[in-house]
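Chains as they are written, first to last, in our numbering: chain D, 21 to 461; chain W, 8 to 306; chain Z, 69 to 376.
Be careful, since some hints might not be right.
If we take Cβ atoms under 7 Å as the criterion, some of the chain W residues that face chain Z in the derived model are [claimed, not checked]:
#1 G71
#2 A118
#3 S141
#4 D159
#5 F211
#6 I213
#7 S219
#8 L282
Which bits of chain W does chain D cover? Going by a derived footprint, with three or more residues having C-beta under 8 Å, they are [unchecked claim]:
#9 30-36
#10 42-50
#11 132-140
#12 263-276
#13 283-291
Sample of chain Z residues at the chain D side, in silico, Cβ under 7 Å [stated by the list, open to error]:
#14 G129
#15 I133
#16 E134
#17 F223
#18 A225
#19 Y337
#20 Q343
Derived by calculation from the structure, the hints in this document are not laboratory data.
All residues carry an ideal CB built from backbone N, CA and C; glycine is no exception.
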Amino acid sequence: MARKQLKVAAVTLLATSVTLAGCGGEQPAAPQNKGPVTITWWSWDEHKFLDSTVEKFNATHDHIKLKAVKQADLPGTAANLRNAVAAKQDVPCLVKNFGEVPGLAGEGLLEDVTEEFEPYTKKGLYNEPSYAGAQAGGRYYGVPSGFNPSFMIINRAVYDKYGIAPPKTWDELIAAGKELKKHGVYVMNLAGEDPSTLVNLTQQAGGTWYKVEGDTWKVDFLSPESLKAAEVVQQLVENDLVANQTYQDRPALIAYFDSGKMVSLPTSTWQLGNYELNYKKSLGDWQPIDLPQFVDAPTFVTNAHGSAILVPKGCQNVKEAVEAAVWMTTSKEAVDASYQEDTKQYAWPGAIPDPSPWVDSAVPAKLFGERRAEAKDVILKAVKSARDPWVVGPNYTGVFTELQDQWAQIVTKKITVREALEHMQKFTVDDLKAKNINAQG
Amino acid sequence: MTMTLDRRTVTGSASRQPGASHSKRTKATVLFGLIAFTVYSVAPVWWLIVAATKGQSDLYTTNGLWFAEFRLLDNFRELFTYQDGIFLTWMWNTVVYSLAGTAGMTLICVACGYGLAMYRFRGRGVMMGCIIGSFLVPHALLTIPSFLLYTDLRMIDTPWAIIVPSFFSAFSVYLAKVYAEGAIPHELLEAARIDGAGEYRIFFAIGARLMSTGAATIFLLGFVGSWNSFFGPLVYLRSQDRWTVMLGLYSWLKIKMDSSTDLTGLVVVGSIVSLIPMVALMVSMQRYWRSGVTLGSLK
Amino acid sequence: MPRADSTATPSVMTWRRIAAIKGASFTIPFFLGFVLFTAVPIVLALRESMYTTKSSGLGFGEKTIEFSGLANLLKGVRDERFWAGMGRVALFAAISIPLIQLASVAVALLLDAATRKVAARFRLALLIPYMIPGIVATLIWIYLYSPDVGPLTPFFALFGVDADFYSGELIWVSIGNLMAWGGIGFNMLIVYAALQAVPREIFEGARVDGASELRIAWSIKVPLIRRSLVLTTVLSIIGTLQIFSDPMLFRSMAPETVTRDFTPIMGIYDWAFAQGDFNYAAALSIILALVVGLASAIFYRFTNKAPT
Numbered sequence: 021m022a023r024k025q026l027k028v029a030a031v032t033l034l035a036t037s038v039t040l041a042g043c044g045g046e047q048p049a050a051p052q053n054k055g056p057v058t059i060t061w062w063s064w065d066e067h068k069f070l071d072s073t074v075e076k077f078n079a080t081h082d083h084i085k086l087k088a089v090k091q092a093d094l095p096g097t098a099a100n101l102r103n104a105v106a107a108k109q110d111v112p113c114l115v116k117n118f119g120e121v122p123g124l125a126g127e128g129l130l131e132d133v134t135e136e137f138e139p140y141t142k143k144g145l146y147n148e149p150s151y152a153g154a155q156a157g158g159r160y161y162g163v164p165s166g167f168n169p170s171f172m173i174i175n176r177a178v179y180d181k182y183g184i185a186p187p188k189t190w191d192e193l194i195a196a197g198k199e200l201k202k203h204g205v206y207v208m209n210l211a212g213e214d215p216s217t218l219v220n221l222t223q224q225a226g227g228t229w230y231k232v233e234g235d236t237w238k239v240d241f242l243s244p245e246s247l248k249a250a251e252v253v254q255q256l257v258e259n260d261l262v263a264n265q266t267y268q269d270r271p272a273l274i275a276y277f278d279s280g281k282m283v284s285l286p287t288s289t290w291q292l293g294n295y296e297l298n299y300k301k302s303l304g305d306w307q308p309i310d311l312p313q314f315v316d317a318p319t320f321v322t323n324a325h326g327s328a329i330l331v332p333k334g335c336q337n338v339k340e341a342v343e344a345a346v347w348m349t350t351s352k353e354a355v356d357a358s359y360q361e362d363t364k365q366y367a368w369p370g371a372i373p374d375p376s377p378w379v380d381s382a383v384p385a386k387l388f389g390e391r392r393a394e395a396k397d398v399i400l401k402a403v404k405s406a407r408d409p410w411v412v413g414p415n416y417t418g419v420f421t422e423l424q425d426q427w428a429q430i431v432t433k434k435i436t437v438r439e440a441l442e443h444m445q446k447f448t449v450d451d452l453k454a455k456n457i458n459a460q461g
Numbered sequence: 008m009t010m011t012l013d014r015r016t017v018t019g020s021a022s023r024q025p026g027a028s029h030s031k032r033t034k035a036t037v038l039f040g041l042i043a044f045t046v047y048s049v050a051p052v053w054w055l056i057v058a059a060t061k062g063q064s065d066l067y068t069t070n071g072l073w074f075a076e077f078r079l080l081d082n083f084r085e086l087f088t089y090q091d092g093i094f095l096t097w098m099w100n101t102v103v104y105s106l107a108g109t110a111g112m113t114l115i116c117v118a119c120g121y122g123l124a125m126y127r128f129r130g131r132g133v134m135m136g137c138i139i140g141s142f143l144v145p146h147a148l149l150t151i152p153s154f155l156l157y158t159d160l161r162m163i164d165t166p167w168a169i170i171v172p173s174f175f176s177a178f179s180v181y182l183a184k185v186y187a188e189g190a191i192p193h194e195l196l197e198a199a200r201i202d203g204a205g206e207y208r209i210f211f212a213i214g215a216r217l218m219s220t221g222a223a224t225i226f227l228l229g230f231v232g233s234w235n236s237f238f239g240p241l242v243y244l245r246s247q248d249r250w251t252v253m254l255g256l257y258s259w260l261k262i263k264m265d266s267s268t269d270l271t272g273l274v275v276v277g278s279i280v281s282l283i284p285m286v287a288l289m290v291s292m293q294r295y296w297r298s299g300v301t302l303g304s305l306k
Numbered sequence: 069m070p071r072a073d074s075t076a077t078p079s080v081m082t083w084r085r086i087a088a089i090k091g092a093s094f095t096i097p098f099f100l101g102f103v104l105f106t107a108v109p110i111v112l113a114l115r116e117s118m119y120t121t122k123s124s125g126l127g128f129g130e131k132t133i134e135f136s137g138l139a140n141l142l143k144g145v146r147d148e149r150f151w152a153g154m155g156r157v158a159l160f161a162a163i164s165i166p167l168i169q170l171a172s173v174a175v176a177l178l179l180d181a182a183t184r185k186v187a188a189r190f191r192l193a194l195l196i197p198y199m200i201p202g203i204v205a206t207l208i209w210i211y212l213y214s215p216d217v218g219p220l221t222p223f224f225a226l227f228g229v230d231a232d233f234y235s236g237e238l239i240w241v242s243i244g245n246l247m248a249w250g251g252i253g254f255n256m257l258i259v260y261a262a263l264q265a266v267p268r269e270i271f272e273g274a275r276v277d278g279a280s281e282l283r284i285a286w287s288i289k290v291p292l293i294r295r296s297l298v299l300t301t302v303l304s305i306i307g308t309l310q311i312f313s314d315p316m317l318f319r320s321m322a323p324e325t326v327t328r329d330f331t332p333i334m335g336i337y338d339w340a341f342a343q344g345d346f347n348y349a350a351a352l353s354i355i356l357a358l359v360v361g362l363a364s365a366i367f368y369r370f371t372n373k374a375p376t
């Protein structure tokens, strides 16, 4: 009897392995000569955005079919793409960006699509600042998906209460901070884990930390633009003008922002809905204003750094992938398909020259109260004045984690911004050289 | 076979009832200790329960330890209708993967642990070395090689990628071996052999039975581990309708990082619902937690 | 264990050999799967550590892969930041593991000493933290620890203690408590199952002789479950030296303390997925595995229990 039981178990096991071998055994579809090409698109956006986009695309295209595969989140997408590229099998053709294009191209994850994409750059489909974000070393490794316009929202009620005018420059913001500090209010928040404020200020000043010269990277963390940005951060930190709330502790973060103890937020279109959803007390007190400028800036400039829809290495149908991505990033149909009934919002069309038809929907109803109408001008002005001087190198993913460590030391006043930049300069050059990449600086 | 196992019953003599002869003071100490540990274990869950009753707009801005507007039912409705009720699909998938994976694992690993504990054979030391050695390897190291392997086996995006590898748990084998050594006296096996029983028969008739508490523990630990794992599903499953509940909740939790939606409220309710199968399993396995089997005439 | 019987007759020898072969066959299904799903990936990964990937030019072209033997390992042996992380975690392990183990055994012994009815009531409640998935536990404790909105900081303030669980100073306390909360149930379950498997008669004799419950627990129960204790402790040593997700969470709360390579595994992840050097990450993984193995071996020696 025991023998029989074991036999049953053994047979079951065998059957399992046979089924296993048979299961999922279909060969990956080879590039076909006839019939539509299927383009697989990975993204961790909410399913409702993916579904409506795919539906619209497939309804309007015969020779290409789009298929969305929902990913869990950003790190998950990164892990999965690394695996798929390494396995050289079932590689998706389009992937939502999970880093900086040069960093990912440097890792060998992306396909050079310059040849396929370049024709589209001559059609006036894209706004000028969008292009840089899809390039690495002057070549395209993805299709530009544009940028989110940068502006600021301030808690106007608190500003008014203490008789402080909304800041037009970073110096005015620092001055406002000093005034607000007397009343126990912080002018801004600098999360200890997120150095993006320093990056954004550098971009706005027209600076970049990497540059290509011939076949060599020129690294310069200590350029005048970079130091100008550093000075603003240094002033904010040194004078204790900023809060250091972490993004992880969401209840505390939201409650804090809502409380009127922190009154200015550099922000962008995609975040507004979240504020509207979670704020209570301060709904209606906020005002959208232009991003503060550097005092000596000749013209009004906002920082903009474009993103891209990635085309991974090993994609079988690059031409069709690029075509689909261009449709997703520039067509009116695609923008319209992103409309959501419940929030009455479109996904922000960051790549196209004129987003004005959709700008109204990006502004939530209650956050700005009576000042809601001002938001439209602020956003469109930010789009028009956007510049993207920002170039990063193939080791930027690692450099960024080092920068995070340095940033944490900055906001806790263990080191100055300048010291951090000096460290980053050395770290970056050494790292490039260790990887056998040409670098100087 | 003349050997009989004298399983102790609840209605055994009073002196056998554990704790029956304790003094009052001991009893009070035991009770106090248990209460203290239980408060530590359960009190933090209060936040979860309270949060489950709140709407998203109250979640961050009201006191976390007390109720605001009571929206539990709306939360349940949203949970079960979001994306056409995909949460229920995830729950069902997880039940299937976890039950199949853990049942297979328990059979294979208990047999292996029993073999390692009860027999001396060549290569046994090497096997134990491999098992213990595999504990030491950081899993970060294995993600890419494992993925390449599963791709070759054509298991990516199939339930097999979750179920089959979970059969072979080195930890469960080790645990089974430890329990087998503690629970099965060699004399008993010798006696059975003298009675003419074959080795496989001895395993199913005596070994497996004596190890039932251990096997139940292994099953339970395996099930909870499998239920709560999300790294495997994250890497090996693609289609959303094959996901597990943990992977789904994880993706909901992370959505707020870079979009204007915040589904934390759904994660809170969803995680409470996802506890139900585990609690049900624990309750249904209570009977394995009776005290040890007595060994009758052999002792 | 079946004794090697020198006076055995040839027929008994054969019989024993057959039994041994049959015994070995119990392990075959597991080992087939183990070789395929665990050993093969490990070997593939070990091979990675022997190579070095080099870029060229601007770093976007094809990479060259060179055999570099033990160079990565040797670099790892001299990597000060990696060993600093190791030291940090080893110190934490030396303090937290005994405490967590002690608590786990205490709970298991308490449950074992309680009457059946009482035990049934508490068992499930004590296991709840273990059942709560990690991501949700994190959500709960982020709230409880929060110095701004959580209840713990004001609670400790009542006793005049200024406790900020997000601060760099308390980081290990916060992480330790998070691990204890989720881990005690798991350890307790293993130990409790072992206790329950012990025949009750063994304790009865001692009770009749008038031994106190504490004495029985310490002198009879604990030695009987030593194997399980050794197991849970070794698992804790391994798990703690490989700690990753908890310190990763606190990287946001106290980034000035929790750097990108704060613990060995965090360093390995950083090398593999941020610095993009999978070969070196593989080498560091090997070093970590060796250190963890050594620590476990020392512990085994300490408890006089051979691993086999």
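| query | Does the segment 30-36 of chain W contain three or more residues whose Cβ lies closer than 8 Å to a Cβ of chain D? | reply | Since 0 is below three, the answer is violated.
| Interface restraint verdict for Z:I133 against chain D (beta-carbon cut-off 7 Å) | It is violated, given that the least Cβ distance between Z:I133 and chain D is near 11 Å, above 7 Å.
| query | Holds or violated: W:L282 as interface residue toward chain Z, Cβ cutoff 7 Å? | reply | With a closest approach of 6 Å, the W:L282 hint holds.
| Per the CB criterion, is Z:E134 less than 7 Å away from chain D? | 10 Å, violated
| Counting residues of the segment 42-50 of chain W whose CB is closer than 8 Å to a CB in chain D, do you get three or more? | Not satisfied, violated; 0 residues make the cut.
| Holds or violated: is the Cβ of W:S141 closer than 7 Å to a Cβ in chain Z? | Holds, about 5 Å.
| request: Check whether three or more residues of the segment 263-276 of chain W sit with their beta carbon closer than 8 Å to a beta carbon of chain D. | output: Result for this restraint: holds, n = 8.
| request: Apply the coverage criterion to the segment 132-140 of chain W and chain D: a residue qualifies when its Cβ sits closer than 8 Å to a Cβ of the chain, and three qualifying residues are needed. | output: Check failed, 0 qualifying residues.
| Closest C-beta approach of Z:F223 to chain D relative to 7 Å, hint status | 16 Å, violated
| said: Please check whether Z:Y337 passes as an interface residue: C-beta within 7 Å of a C-beta belonging to chain D. | reply: 10 Å, violated
| query | Measuring from the C-beta of W:S219 to each C-beta in chain Z, is the shortest one below 7 Å? | reply | Violated. Min distance 9 Å.
| field | Status of the hint placing W:D159 at chain Z (closest C-beta pair under 7 Å) | value | 10 Å, violated
Figure legend: structure checked against the earlier numbered hints; hints not met, in rising order: 4, 5, 6, 7, 9, 10, 11, 13, 14, 15, 16, 17, 18, 19.
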